[in-house]
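*Asks:* Chains G and C, in that order, give the protein sequences.
For the first sequence, the numbering used here gives the first residue as 258, with consecutive numbering after it.
For the second sequence, the numbering used here gives the first residue as 75, with consecutive numbering after it.
Because the hints were derived from the structure by calculation, they are not lab data.
Quick caveat, the model's predicted, so the values are computed rather than measured.
Keep in mind that a hint or two might mislead.
[To be verified] Derived DSSO-like pairs (lysine-lysine); straight-line CA-CA distance at most 30 Å:
hint	chain 1	residue 1	chain 2	residue 2
1	G	K353	C	K134
2	C	K271	G	K263
3	C	K245	C	K271
[Said to hold, decoys possible] Far from chain G, by Cβ distances over 10 Å, these chain C residues were calculated:
hint	residue
4	V88
5	F111
6	L169
7	S178
8	S308
[Said to hold, decoys possible] Computed spacing ranges between beta-carbons, pair by pair:
hint	chain 1	residue 1	chain 2	residue 2	range
9	G	A525	C	A256	36 to 42 Å
10	C	K134	G	R352	42 to 48 Å
11	G	K353	C	V84	37 to 43 Å
12	C	F85	G	L274	44 to 50 Å
13	G	L389	C	F113	39 to 45 Å
14	C	I243	G	L439	33 to 39 Å
15	C	A256	G	T395	57 to 63 Å
16	C	A250	G	V267	21 to 27 Å
17	C	F85	G	A525	37 to 43 Å
18	C	I243	G	A270	23 to 29 Å
19	G	V267	C	A254	22 to 28 Å
20	C	R127	G	K353	47 to 53 Å
Beta carbons: idealized from backbone N, C-alpha and C, even for Gly.
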Amino acid sequence: MEPRPKSFYVLGAFFALFLLFLYGPTITIAILSFQGPGGGLTFPMRGTSLHWFRDLFEQQAVGDIWGSFRRSFVLGLMVMVTTVVLSVMGGLAFRKRFRGAGVLFYLIITALVIPSILISLGVGLIFSQSGLNVHWSTSGFGAQLTWTLPFGLLIMFAVFNRFDKSYEEAARDLGATSWQTLRHVVLPIIGPSLIGVALFGFTLSYDEFARTLLTAGSYNTLPLEIFGMTTNVTTPVLYALGTLTTVFSLLMIGLFLCLALWSARRKARAGTDAGKGML
Amino acid sequence: MALPIMAVLVFFLVLPIAMIVVVSFWQATEFSIIPAFDFENYQFLFGSNVTYRVFLNTFKYALITWAFTLGIGFTVAYFLAFHVRSLTWQVVLFLLCTIPFWTSNIIRMISWIPFLGRNGIANSTLISWGVIDAPLDWLLFSDFAVILAFVHLYTLFMVVPIFNTMMRIDKSLIEAARDAGATGAQILWNVIIPLTKPGMMIGTIFVVTLVMGDFITVRFMSGSQSANVGRLISNDIALLAYPSASATAVVLLLTVLIVIGILLRFVDIRKEL
C-alpha cells in the first residue's frame, strides 16, 4: 500500500473536529444532567447526583412526560409500519410506468421541501374547519407521514435502481406466481433496506416537532413537551430528560442497525448455495 | 400499488396547501375566521416593511448556512470517500456522521446552552486564555447562535448525498488523471468536483429548504430576537390570525418552490439515487 499523503492527516483532523462538533454538545448535557441538586444549567458541576433524573419520575415536577413518551412511542410505531408498507408498495409501483407517476413523484419532492409549519397549519385548518378534533393519532399521524414517506420512497427508489430483475425472471420461469415471486424472492432481497426505511419512519416520527405542533391536539408528544419545558424549566431536569430520550433514540438506532446487519448476513448465507453443490 | 401513498399525500399535503391558499383570502376577527375573498392579507403583507426585512433575513440565513454546510460537508465526504481506505471504516465513520440525524433536533439545540451561555464553556475558556476580559454576550441568543445551530443540525444533509455521489465516481478516472500528470489539487478541481455536483445540488436543496422553512431554530437560538418567515407565520398562528398566517405561508411556499425549481434544473434526482 502506498504511504498516506499529508492531506490525509489534515483532513483526518478536520473530520475528528467535525465529529466533536456533532457530538460534543450532546455529551456535555449528558454530563451536566448528573449535576448535584444545587447545580445550574452550565458548568461548574456542583457535585454529582441522580437528583434531576429522580425529578423526572415525579409526575408533578414537570408536566406529563411519561404520557407524552408513551404517545410518541406508539405514534412512532404507527408511522414506522405505515411508512414501510406504503413505501414498498410505492417503490414496486414505480418500477413500471403508471398514470400519475410523474405527478406522484413531484408530490413526493414537494412533501420533502415544503416548510413543515405549512403542513401543520394546513392540516390543523382542515380539521378545525370541518369540525374534526385534531389528535396525535389522526391529524398528527398523517402530518408526520408527509415527512417519513418521501424518505421511505426515495430509499426504495435507490434499492430498486440496483435490483437485478433476472432473479424475478428466474422465479417466474420456474413457475412462481407473482405473489410467490414477491414473497419469496423480492422481499427477502430488499429486506435489509426495509429495516432502514423502518429506522427512518420511527426516528423521524419520534423526534418530529414542527409537523405535530398544530396537529397533536390537547395531548402532547414528547418533542412538544420538551419544547414546552424550554420556556419555563431552567434546571438541569431539562438535560436529564434530553439525555434520557437521546439514549432511547440511540438504543433504537442501535437496534435497527443490528437488525440490518443481522438480516444482511442472513441474506448472504441463505441467498447462495455456492460451494454446496454436489460435484 | 401507488394508490395508498397517493391518498395520504392528497389528504395531508395537497388539501392542506389548498386550504391554506383558500384561507389566505379569508378575514379574521379577534375570535374567529370568516370565509371571504379579499386581498387584504396580501396587501398588508406586501405593504409592510417588516415583511421585506424578514424575507431578506431568511435568505441571509439560508445563504450563510449553505456556504458553511457545503464547505464542511464536502470536506468530510471527501475524506470519507477518498482517504479512508477500508469499506468497513467508511461505513462506520459514515454512520457516525448520520446518527445525530435520527435524534431530536430540539435536544441538539438545547445542548448548546452550556457551551454558549454567559457562563458557558466557550466564555470561560476564552477568559481563562486571556483572549477576552468579559464574557461575550453574542454567543447565545444571536444570529451567530442561529447559524451555528443550523450548521450543526443540517451539515449531514450535505455529507450524505455528496458522499453518495463520490462513492460512485469510477476510481480509474482519478488514476487516469494522475497518469496524465495532474496534481492532487487539479484532480480535485477538474475531476472530483464536477462529478460531485449532483450530490452538492441535492444537499443544497435539503439545506436551503430546511433553513427557509424553519421557525423553531430561529426562535430558540436567537432567544426570540431575530425573525425569519417561519417565525412570522408561527407568531400569527399563536395570535390565531390564521388568514394572515396563511397569506405569509403561501408567499413562503412560492418562494421555496421557485428556488427549488431553479435548483432542480441542474440535477435529475431520480437518476442520482
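*Asks:* Decide, hint by hint, whether the structure agrees.
*Replies:* Going down the list of hints, with the structure as the test:
no.	hint	verdict
1	K353/G <-> K134/C	42 Å, violated
2	K271/C <-> K263/G	26 Å, holds
3	K245/C <-> K271/C	17 Å, holds
4	V88	7 Å, violated
5	F111	16 Å, holds
6	L169	7 Å, violated
7	S178	4 Å, violated
8	S308	6 Å, violated
9	A525/G <-> A256/C: 36 to 42 Å	39 Å, holds
10	K134/C <-> R352/G: 42 to 48 Å	43 Å, holds
11	K353/G <-> V84/C: 37 to 43 Å	21 Å, violated
12	F85/C <-> L274/G: 44 to 50 Å	45 Å, holds
13	L389/G <-> F113/C: 39 to 45 Å	29 Å, violated
14	I243/C <-> L439/G: 33 to 39 Å	34 Å, holds
15	A256/C <-> T395/G: 57 to 63 Å	59 Å, holds
16	A250/C <-> V267/G: 21 to 27 Å	25 Å, holds
17	F85/C <-> A525/G: 37 to 43 Å	41 Å, holds
18	I243/C <-> A270/G: 23 to 29 Å	24 Å, holds
19	V267/G <-> A254/C: 22 to 28 Å	25 Å, holds
20	R127/C <-> K353/G: 47 to 53 Å	50 Å, holds
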